[in-house]
Amino acid sequence: MAIKSNVNIPTANLFRRLTLSQRRTIIGYIFIMPFILGFIFWFLIPALVAFYLTFQKWNLISPPQYVGLANIQHLLEDPLLPKSLWATFVYTVLSVPLGLLLSFFLANLINTQIRGIAVFRTIYYLPTIVPAVANAILWAWMFNTEFGLINVFIRSLGGPKVAWLQNPQITIFAYVLLSLWGVGGSMIIFLAGLQGIPDIYYEAAEIDGAGRWYKLRHITLPLMSPIFFFNFVIGIINSFQVFTIGFLLTNGGPQNSTLFLVLYVYRTAFQNQNMGYAATLSWLLFFILVILSLIVFKYFGSRVYYENPGE
Amino acid sequence: MSAQNQLVADSQMTVYSSQKRTSARAAWVWRWMTIALLVIVAAAMLAPFLWLITSSLKSQMEIFQFPPKWLPSEFHWDNYTRALTAKPFGTYLKNTLTICVLNVIAVVFTSSFCAYGFARINFRGRDFWFGIVMATLFLPYAILIVPLFLMFTQLGWVDTLLPLTVPIFFGGGAFNIFLLRQFFRSIPEDLADAARIDGCSEFGIYWRIMMPLAKPALTTVAIFTFLAAWNDLLNPLIYLRSPENFTLAVGLSSFRSTLDVSWDLLLAASTATVLPVVVLFFLAQRYFIRGIVMTGLKG
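Those protein sequences? They're chains A and B, same order as listed.
Mapping to my numbering: the first sequence position 297 is 1654, numbers consecutive.
Mapping to my numbering: the second sequence position 206 is 253, numbers consecutive.
In isolation and in its complexed conformation, chain A is listed as follows:
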């Protein structure tokens, strides 16, 4: 690098007259320019538009009309909003911790050294790649009260016939069950973490007479805590944004018991043509996620063990 900066080409090249660090800055910005432009066009401007819409009433046909804080006031009176928040909340509280436990358990299971383990890894990951629409049709069929595989299985064990997708008290559990089928994504991230733990730690513990439980408790869990944290945060963000499966499987029903927040935004904007209120709901979702993230980072982030705190 030093060699290059000393080369003096006599042409009055503006670029060459700059200092090395100035040149680097220009080149650096050229490299990240696509992202910066994308951020401005598809993130910053839309966010500002959403903010503007919060104070408007607009059905896309007649011009937008300033309504002040009416949309925000409507949040407090809207009878569907508590239902929507409750459905999203219950789904998150159940599916995220259960998913974390199951995916960590499965990651340990497929971290075994057995011939043909790659086949098992592939099978466990397979559900996450199923296209959403096909997934919804498949599960509508699985949860069918009379002929679905799940009820056939429950009844073969002497259980009752469960109206999975018709009973408003139960439907949310169908979604949780379905989400557990697709834990492959976080499982693979756990697996990557498990494989990154050096064998020496376990060998040293074994020499000291450590059992399986001790090794799990005192080596694996502390070293995996950043990955637990990562999967936890990603899990919350994803489950708060669940849309496709809800739209297809029950479309918010029965009795709006599965009207997830993003589904409600979609319905408000594109079925009820109420752009202003939809933007307001989006902002509500945004603030809920920001507050949740802050809580999560404050209470869990400090308990995470990092091997190289400097990095």
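Everything labelled a hint here was simulated from the structure, so no lab data went into it.
For glycine and all other residues, C-beta sits at the position ideal for the given N, C-alpha and C.
One or more hints might be untrue.
Which bits of chain B does chain A cover? Going by a derived footprint, with three or more residues having C-beta under 8 angstroms, they are [stated by the list, open to error]: (1) 118-131; (2) 145-152; (3) 168-179; (4) 191-199.
Given the coordinates of chain A, work out where chain B should sit on it, guided by the hints.
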């Protein structure tokens, strides 16, 4: 050594070897328990797939038979031909592939370009912008649905493939930038320095040295992008209006909401959209898992 000492040593030996024997037995039990669990979970993961495939080959009558049987008594392959000709699935496939291929090209070239800037060039403001990349990773996409729709309406892009392809060319998504940056950082700086001494520009280093080395990571990113585009429903649902522009996901979704559609055809059409991704997955399997393990959460 006295006889007594010898005796003590002997008894210690036997205790030790019996401990060893029980621990060997425990290891054996543990191993077979693991295998049994692996098989049970695999069966639970695969059961819905098998159920989908076998149901898709049953007659409408047999689908609604109680108690249901795993295998159809007669294989109704015609379910597939009837389902796939009921709607213009060929057109849907063409649109879906167009979007998928454009998205993959966009991500492979622009994400890696940005990622190189973040990973290998040290300039003022870099950390600030990388902070923004990470922030967009954690912010919900859902809040942008409405304003983006209004912007694309203004641009006249609604009911074209443009809203589903053009934005990806601007950086290709925060997650891909993050993943490729992690990968680029793991390549030794000496390689780049050697090229610099030979007079190679930063763009040359990116294009001639980093890109060829990044092939495994790029493959992983490309596969994820392809799958995401193939599976996406929300965006095509919002932007595509006329049936000749539908993707497979939207087409299948509208096929489902047709009132007279029967379960046998629906299940056949679903199986037909699942199979290509499953095949792709098995072919490119090692890039999925190893790709994440390699590039994933390191550094």
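Structure-based check of each hint:
Evaluation of the coverage hint for the stretch 118-131 of chain B: breached, as 0 residues show C-beta separations to chain A shorter than 8 angstroms, against a requirement of three. Look at the stretch 145-152 of chain B against chain A: 0 of its residues bring a Cβ nearer than 8 angstroms to a Cβ of that chain, fewer than three, so the hint is violated. Counting residues of the stretch 168-179 of chain B whose beta carbon lies closer than 8 angstroms to any beta carbon of chain A gives 8, which meets the minimum of three for the stated coverage. Counting residues of the stretch 191-199 of chain B whose CB lies closer than 8 angstroms to any CB of chain A gives 8, which reaches the minimum of 3, so the coverage claim holds.
Of the hints listed earlier, those the structure fails to meet are numbers 1 and 2, in rising order.
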